[in-house]
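There are 8 protein chains.
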Amino acid sequence: MDTYGLKEFLTNVKSGLISIEEAAEKIKHLAYQDLGFAKVDLHRNIRKGFPEVVYCAGKTVEQVVAILKVLTSKYKNILATRAVKETFLEVKKEIPIAQYHEVPKLITIQQEKQQLTGCILVVCAGTSDLPVAEEAAITAEMMGNRVERLYDVGVAGIHRLLLNEEKLYAARVIIVVAGMEGALASVVGGLVDKPVIAVPTSVGYGASFNGLAALLCMLNSCASGVTVVNIDNGFGAGYAAALINKLEEK
Amino acid sequence: MDTYGLKEFLTNVKSGLISIEEAAEKIKHLAYQDLGFAKVDLHRNIRKGFPEVVYCAGKTVEQVVAILKVLTSKYKNILATRAVKETFLEVKKEIPIAQYHEVPKLITIQQEKQQLTGCILVVCAGTSDLPVAEEAAITAEMMGNRVERLYDVGVAGIHRLLLNEEKLYAARVIIVVAGMEGALASVVGGLVDKPVIAVPTSVGYGASFNGLAALLCMLNSCASGVTVVNIDNGFGAGYAAALINKLEEK
Amino acid sequence: MDTYGLKEFLTNVKSGLISIEEAAEKIKHLAYQDLGFAKVDLHRNIRKGFPEVVYCAGKTVEQVVAILKVLTSKYKNILATRAVKETFLEVKKEIPIAQYHEVPKLITIQQEKQQLTGCILVVCAGTSDLPVAEEAAITAEMMGNRVERLYDVGVAGIHRLLLNEEKLYAARVIIVVAGMEGALASVVGGLVDKPVIAVPTSVGYGASFNGLAALLCMLNSCASGVTVVNIDNGFGAGYAAALINKLEEK
Amino acid sequence: MDTYGLKEFLTNVKSGLISIEEAAEKIKHLAYQDLGFAKVDLHRNIRKGFPEVVYCAGKTVEQVVAILKVLTSKYKNILATRAVKETFLEVKKEIPIAQYHEVPKLITIQQEKQQLTGCILVVCAGTSDLPVAEEAAITAEMMGNRVERLYDVGVAGIHRLLLNEEKLYAARVIIVVAGMEGALASVVGGLVDKPVIAVPTSVGYGASFNGLAALLCMLNSCASGVTVVNIDNGFGAGYAAALINKLEEK
Amino acid sequence: MDTYGLKEFLTNVKSGLISIEEAAEKIKHLAYQDLGFAKVDLHRNIRKGFPEVVYCAGKTVEQVVAILKVLTSKYKNILATRAVKETFLEVKKEIPIAQYHEVPKLITIQQEKQQLTGCILVVCAGTSDLPVAEEAAITAEMMGNRVERLYDVGVAGIHRLLLNEEKLYAARVIIVVAGMEGALASVVGGLVDKPVIAVPTSVGYGASFNGLAALLCMLNSCASGVTVVNIDNGFGAGYAAALINKLEEK
Amino acid sequence: MDTYGLKEFLTNVKSGLISIEEAAEKIKHLAYQDLGFAKVDLHRNIRKGFPEVVYCAGKTVEQVVAILKVLTSKYKNILATRAVKETFLEVKKEIPIAQYHEVPKLITIQQEKQQLTGCILVVCAGTSDLPVAEEAAITAEMMGNRVERLYDVGVAGIHRLLLNEEKLYAARVIIVVAGMEGALASVVGGLVDKPVIAVPTSVGYGASFNGLAALLCMLNSCASGVTVVNIDNGFGAGYAAALINKLEEK
Amino acid sequence: MDTYGLKEFLTNVKSGLISIEEAAEKIKHLAYQDLGFAKVDLHRNIRKGFPEVVYCAGKTVEQVVAILKVLTSKYKNILATRAVKETFLEVKKEIPIAQYHEVPKLITIQQEKQQLTGCILVVCAGTSDLPVAEEAAITAEMMGNRVERLYDVGVAGIHRLLLNEEKLYAARVIIVVAGMEGALASVVGGLVDKPVIAVPTSVGYGASFNGLAALLCMLNSCASGVTVVNIDNGFGAGYAAALINKLEEK
Amino acid sequence: MDTYGLKEFLTNVKSGLISIEEAAEKIKHLAYQDLGFAKVDLHRNIRKGFPEVVYCAGKTVEQVVAILKVLTSKYKNILATRAVKETFLEVKKEIPIAQYHEVPKLITIQQEKQQLTGCILVVCAGTSDLPVAEEAAITAEMMGNRVERLYDVGVAGIHRLLLNEEKLYAARVIIVVAGMEGALASVVGGLVDKPVIAVPTSVGYGASFNGLAALLCMLNSCASGVTVVNIDNGFGAGYAAALINKLEEK
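Residue numbers (this note's numbering), protein chains in the order written: chain A, 1 to 250; chain B, 1 to 250; chain C, 1 to 250; chain D, 1 to 250; chain E, 1 to 250; chain F, 1 to 250; chain G, 1 to 250; chain H, 1 to 250.
If we strip away everything but chain A, and leave its shape as in the complex, we get (with noise of 0.2 angstroms):
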């Protein structure tokens, strides 16, 4: 249901068009349907702007399955991530226009086209960030956003990025993905009047402590303007890229 939905079915419970007994369960199942092991959040299109997306880490084959039918029957597009193959296998069987991104782990589910909006540049270190990059890159494009990609622009070799800076002043969003010391964020910051959202990588080894080196890192940039997710968390930060990067369309 879309806010315009919404509001069609307040204005019939003022005018009596639907009894409070008949409102009452509908808002019951407005806000969440429950499976049992899962209270899917019916409501958060409402009051995020994109419907809940699947963490499928933990859960059964089937629980994930279950849940992806409740939303596609409600949504137009759908995400999924950390999905192992396996699991898309099974949902593919269900949701045939389901779709699988191997590097990244997502399934996404596309029942509509839409118009790509403003640029989020997608800024990754090095090849072995890629899976968390796509992560990024798809979730925003997911959500309506234009993507551009720059990756392998480490600081080891800090001209690849220098003599890429025409694509940090065109976007409007800039999300840095890196593992291992993760200093490109600093350097990134220190180049743009545009917001940077950094990702740390668990990419590395020894004294990386999966990502903690590269995630305090970012957090003490000496940098202004950039604000940091979890390790890995290429998802969280390509939505918050698009809750940025729509603000004008509001």
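Quick caveat, the hints were computed from the structure, so don't treat them as lab data. These figures come from a predicted structure and were not determined experimentally. Relax, there's no trap hidden among the hints.
From the derived model, a few chain B residues whose C-beta atoms are all more than 12 angstroms from chain A: (1) Glu8; (2) Thr11; (3) Val61; (4) Val70; (5) Asn77; (6) Leu116; (7) Glu141; (8) Arg149.
Keeping only pairs whose Cα atoms sit at most 20 angstroms apart, straight-line, the calculated DMTMM-like set for lysine to aspartate or glutamate is: (9) Lys85(C) x Glu102(C); (10) Lys246(D) x Asp193(D); (11) Lys246(A) x Asp193(B); (12) Lys167(D) x Glu248(C); (13) Lys167(H) x Glu248(G); (14) Lys167(H) x Asp34(B); (15) Lys167(G) x Asp34(E); (16) Lys167(F) x Asp34(H); (17) Lys76(A) x Glu141(A).
Quick partial rundown of chain G residues pointing at chain E, CB under 10 angstroms, derived from the structure: (18) Gly126; (19) Thr127; (20) Tyr151; (21) Gly157; (22) Gly204; (23) Tyr205; (24) Gly206; (25) Ser208.
Glycine included, C-beta positions come from ideal geometry on N, C-alpha and C.
Go by the hints and put chains B, C, D, E, F, G and H onto chain A.
Same frame as chain A, but now just chains B, C, D, E, F, G and H:
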């Protein structure tokens, strides 16, 4: 030197009004002013849209005064953070227009009144979080943004937040400041469809580990669209929120 | 041996019906049964009101079977935690009445049906937290407590919790199970005037550090009346809730 | 406003004695009183059964005094924690009935003598743990609970505990306060069949890491029925124990 | 070469029976045998009273076999730790007298039966701690010490320990092996007037952080006379206990 | 009361010279003396061979004085650790025989001269480690052990240690005190065949993390026979070394 | 392109033999080759004196092969680190001259034999440290340096090091590789007057925390002139040692 | 005693001019001078090429003065680190030639002017890093190296670094001093083909954890050739750089 001056300067170089030698010298001064102990970044206003902000911790009073004098001679509005009162009193002697904000320990120098636009909401969980919340709010105001405040609405009494929901919906960007367990960021993030910047504070004791608990809580927020800055970094949150709020003006 | 048998035994010692030598030997057996690799605590039912619960992790299948056989011969209702399916199948051969609960990996042996009293509510934040939530719920049920469940009501969609507030008010004790940032414990704790036991889970990734984020969040809860158990320790929460719920019966 | 007053108020709204407009205004005041820097939670007594407790750390003396004055005008018995003596002396000027407890740094305001019921036992390991133990004990007493104390019975001389076992058996709820390795919580937890709330303290040095060692020890207790609160959080333990001890009265 | 052989050798050097050149060469071989990938320490028996113990983790099977063959050719009794079964089977082919201890994963080679003297008591908290406890016990036995075992006497059922107090008093040195919260070390340490060596184990989950909780607990023991070795280091505890137990023989 | 007095007392109970009622009362006093804030452990001398040692940190001056007066009235030789000078001056007023050791901040009360036996060697790495080294040395001396000192022989100039090897060979037990990286413990442990007790100190800065680096280093010592106590715990090392050195006398 | 080719190119640009447009295009190719998923840094040989080294972990086999083919077409000698055998076998198909080093998991491609100069000594503490030590040694050799090895000389048997002191004195730079407590770096650093690069390894268990103990130990070395690289980073140590050893040739 | 004197001394021993007894005594004095609380390492100049440097933290003023007097009587140029002004003033009384460097808190004693050779560049990120940068620079100068400084060129304004690239290329060794996220080390390391020694500083707040963030960042540098010293260890970096810079002179 603002963007306009920069263009004029470049036109003059092109036309020969300014010689290559003069231009080279001028560019160096445009880039930074070397005080020996500091290279004041005079180029930052061009790159970032706001002059260098002075971080006073770890600098001597003399160093702060010298840097502020250089900046004041070049720019209209200047900000210095983490300044103790003694530092301010010395600054005041040299720059009488300087003002001190006791709670967030900020020095502001405003040589020109500016129009405040857009809307940034600063939410904080408890009275003890005020210094950080005010650092965020005043930073954003100094950068030309309209700021609303909603203080002391932590989740221990969540009705205080819910009774003020309309403030959440009226804002373009929201900054959430919270110590202890920092749960407020997730609750706010779950209610709105706009960017939320979370600032963990060092308020708490024991296993709060000086803000680490709140930091981890916020990084792991189950609500989408939440990004995080360093512990007690009100300035960073205010700056990032300003960049987001100003996006539409570009 | 229950409390009644204990008193009879002591009366017999006093009256001389049982000699000192016989009594000493009997007390040793009353205290524990020595299997060489284990001293099965047969005194625990007297001290704690429930027989020793077998923690299967790190024990061989043979050890688990042997300990369960001793316990089954002495007590009505037995619980074993963290048992893989292979272990259960071997237990089943020796104790056919044993049952397996796949999600929480529990083995239960019920030789007598018991009356369930009071009310413990188990709340969990997401579907991935189910194994821990069920460990808590079944532990409490095995100890004779009535248990209600309210699942998948995390703060990312807080209306799912608020629409079920009456369940919170109906309970005597509440167990809150949550991973990621664990904010749900504070929100529930702020709404009710009864004991809340928080269980952090290892659900999450990156800076959740296998449940550390949720643990710290819960320990720093700004809501009063919240106490915490170890990460993923559904059993411990169920046990403590049972002791609280049963208090009035004493 | 207590529960009785609330019902009367609602009856008056229903009957029309109070208009909708008046009621709306009154509800806002019922919910919190806005002091600008703080929203004093006036609804908490209804939700939690005890008015908001003032955490003084990080608040100015003026803020503490203002909040306490609001609370004193509405409720009978008020508690403020982590108050230094200077704060108390200012409070005393405005609220002469206020009392100071030097060891646990508590301010109590008792405008009505209350009946103490049930039995909470506070056990502590060493003399250095007294401030935290007393914070727990007085919190529970302020909430109307009878409290027993058993101090300085750490496991280095375990006979001191065992010679007082009857105190353990007489209590309904037990709070165990211990620093250094915190082993006392497990030993007590192994002896009794009632809820044990463990409070780690920051007493110790070196690898105690300001209470982290005791905290981890208590979270990993092999004894069942032990739950844990934050380091040095005597208040939280006393509050939770009070909720448990009062359960039967509901 | 034992101490006696060393003295004879030196006498021969002094008397000229062995030339300086021959002696220099012999000393090098006396010190270590160079296998390229390893310098087997042949001097250790002289310095430490027991030949080099082989740590098998991280070594290839071929390396372990080669080192054990060198040691077996020089000394009577040899010990290898952390050996998987596959390694043992290859060792067995070359050194048929070798024996495998499955629980502690030790290989022992005894070419001469030795008299066991003194008394070391190995106490452990739970059945899951057995591998570490047996590593300690067999190490001490291999070094010629009499060893007693008291297993599964953790503080959750402290009567199991107290009913065996006479074993504590009969020992000269006590090794306490415990995981989870490791409280047993403090309880034992408080009861006896002899050296207690505490071994934390990685038994546990969640906030046990693979033994860190037990380690910190033991390091902060309020009982005097407790020293600690690395997590799961049964070998180190057995070795140190052996040095202490053997002191009187020197 | 020493062991002899204990036996006499028990004989008198058996013979009826002391009534059961008198005995029960006496046993309580034998076990501890209750000062309200402290239960002074009077049984410790029997269990541990040395009276309770007073840890002054976190106790008020009045508490320390009261406890020391009880102990002085019962035992010959008393030790108090971590006492600031102000505490000592108050103790001195009540117990004029008390002595203060400024470097290790110890108070000693010797009412009877004792024979020092055996040999404990205290080795330290640098001059900054002296306070901890002296705490170990004087503790051992107070317990009747002969102590040798070998100070400032850290591995940065390892010849200082090697030129004093004969001191290592002459000792029965060795205590190694070192901060920074703590490597000295491994080097000493590799040279001798006697128990080595390692004491990490908080000497250092940055990544020494107040002694954590030295602690971890010592716990991971590749030399066998090294056990470890808490950071800066000279007292614990001295106590454990004393127990070991005294073993042969039993 | 080497430095010579670069100068020729620039001369041609200056003289007009190469047009500005051609030059611009060529410079881009000179800087990096864009494979989509990677921007192979072709400028690194000019900046750093050695072509980009390929870090294989986290890259697909196809990505590694593609990058190595680009590099092999431009440079003589190529190095790839952390390559599993399967990766090598695919590389071998495309680049038959490639060689695999099983212990350190390196792929080397040598298309021109080079003169080895200077002297770098690689010292390691135990046999389990060999993979890291060999990674350092072969990296340095690939960069044209003569390398000596001194393996298995840990401080548990320090005579093995001292008997080889002349090797320490013969080297220009020393790399010390050690796990567990990592004390070897301090001992070597105290003996020599040349740069020592310490490499902590993840060899060990329990409180070694995967190399953290050795890392902290080395960072706190009391010996001067010791610098440190990441845990298990043999490559980084070999690279830095090569830069130092080659300094005189510039 | 320098190397020349050492050879003469040995020749005299060989020729009999110095008796064995005299020589043994002299060697002991050559090795160290025993002040009781310290063994001043007089052999270090021979081993390391520079006399022992006095670390003043944790030493009493009397100890520092005594050690410096011994060193001044034997060597030309002496360095003491981490000296507060009060210490210097006492040193000055005894050694009037001593000088104090207020920013880095160093005492230097130069009894002979020395030729400065080679080139070490000290780069620092911000003004607050100056104390550490100066500690590095003056240490290197005291050891006879020419030092250049490039201060306040952090990555937030990277043009300040890039405009000074020629300084990077002119140096033989580079020291990079940076706090907060420490990204500068990676950027510099990516630009040059010479050894880079990175010094993390404790400048920063919150999640910088007193320099831990910068330390981890530098250890994980994706640029090759970067080695790291302890947090705030300017001395160690200066010392290591000096050893490298002086290599060619040997």
